[in-house]
Amino acid sequence: MTPRLTEHWHAAQLTPNHPWLIELQPQPIAELGEELARDKGIRSGDIVEVSTARGSIQAVAIVTKRFRRLRIGTKEVDHVGIPWHWGYTGLSKGISPNGSSGNILTPHVGDANTTIPEYKTFLCNVRRI
Amino acid sequence: MAMVERYTPSARWFHWLITGVFLELVLSGLLLFIPWLTSGMVGTWIRLIHRIGAVILVGAPVIFTLVSWRRAWYFVKEAFTWGKADIGWLKAAPGYYFGGDPRLMPPQGYINTGMRLYRLAILFGGLSFVITGLIMWFFKGVISPEAFQWCVIIHDVTFIIAICMFFLHFQLAVFHPRMDEGLLSMVDGKVSGVYARSHHGIWYGKITAKKEG
Amino acid sequence: MAKAILYDATKCTACRACQVACKQWNELPAEVTINRGTYENPPDLSPHTWIKIKFIELEKEGKLDWLFARQACMHCTDAACVEVCPTGALSYHELGFVQYEKDKCCGCGYCAEFCPFGVPKLESGKITGVGVMDKCVFCIDRVTNGLEPACVKTCPTGALTFGDRDDLAAEGRARVEALKADGFSNAYLYGDEELGGLHVLYVLADRPSVYGLPEEPEFPALASVRDNIFRPFAWITWGVVAVGLALNVVVARARQLRGKEES
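So the protein sequences, as listed, match chains A, B and C.
Whatever position you read off the first sequence (first residue = 1), add 60 for my numbering.
Whatever position you read off the second sequence (first residue = 1), add 43 for my numbering.
Whatever position you read off the third sequence (first residue = 1), add 25 for my numbering.
Chain A extracted, bound-state conformation:
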């Protein structure tokens, strides 16, 4: 899913060009829970690749207690949080050559009435690089 960060705003038009903001949040991140991290052998600070049917990006993993494995019905569901503040240009570019923009991963599906894109949740894979 694609949360926002305090330090950046929207896609990579403005804030990844600001030194004081880049100092706070320098690189694209992928937040994941401890159970998922353990299963995949990922530690905080590792570079990971997050991929969907549409494409893949690289980000720095942050393993956090704040993401818990969810039990939905009979299924166990983990989630990965990718902020969408980076792109292919700016003082702070993404990590992968394509700019690590969250929008590379999102489905091209929109609301029928407003055409607002459904950016928020979709199936992905995460692996350590």
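These are computed hints drawn from the structure, not numbers from a lab.
Glycine is no exception: its CB is placed at the ideal position from the N, C-alpha and C atoms.
Hints may contain errors.
[Unchecked claim] Which stretches of chain A does chain C cover? Using the computed rule of at least three CB atoms under 8 Å from a CB of chain C, they are:
#1 74-87
#2 103-112
#3 134-148
For this one, chain A is given, so just place chains B and C on it according to the hints.
Below, chains B and C alone, put in the same frame as chain A:
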């Protein structure tokens, strides 16, 4: 009576080099010790000069040892070689150095007990300065703050003692009426036979015996 | 009238506007950082970073807390850094905080080694030792002109407030009582008494060690030993030795002359 050679040229050069460097370190150290005398860039430059002096102070004995390791070893060994003459010196020293009857002082070797003690002070004091100084220079932030603080304190204490020892050394070499040939001997390397016999009788006996034999 | 800053960690959202405001007001450059697997950046205080927020994930009895802690100069009433600074660059301001005149710093680094909180940071050449320290100066230029420090001004939640120390301490104590009533039994006002009283007070929901703060910060004994004992002792000792040696020369010369006359 003829003059006797007491200090070789290299020994004298070394002595004066160390004297110069030591005084530079004392002065720069003293300026740093006094609060508010060394603000800003002045303080930074003085610290830099202090470090340069420290490098020379460590480097000179190392080079001396590499050039003439035997004499360097002998210098250290003599400091730790104690004998009967030393006990006699310790008993007679207070009276002797305050102008009492000089015949009460037993004959001494090449260096007398006082010089032996001074040499020990140099060796241990030097080690203390160099070790604490090196730690403060290169290991700031690496060692614990407590260890650093102790280095500062030990460096301070060594400094206090070193100045006292230097005062003593200077007074004896320059001012003391009985050590009248001390200073010049470190300049041209010679003392008179009279001085050598009265102040370092055992050594004088050995070298005159060698000449005759 | 002593001033202080009250930091209520329970109201902080770690937005880090304080970090940016401090940089902007003091014209400090941004550090080049990478993400090391945490939101925290830069990794530590430095001559260019005078305040930062720590992020602490604490799991307690099945509940998760995301705690935030301000890290900057605590402006101690009994400041070890002031005591050991050889040039007087660090000193006490009449409003109670530790002020700093960068021009006087000679780069010795003693403040960094004696501060119980590890606040002063230096950048200096390893070989030459040329370098200078920098730290939070309580926005002295703002505070002496009737303004609040930059961090306080910008804080959106009111976690940071500025005012007379007595008032803020009372406020802090009241807040701690309210937290205790709410079930935070370890709530604590940090800086009320520590080191003579800190001029940055912290309202904490848990023990200081949970926030990475020393439980009982101490004024290093060696700091006061150096200033109050060694310095006068050194001068007295040298004076006594010098006088003693001079007397020795006088006496020895006199007796020697008398010896010559008699013989």
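Next on the checklist: Of the numbered hints stated earlier in the document, which are not met by this structure?
Outcome noted: Per hint list: single violation, 3.
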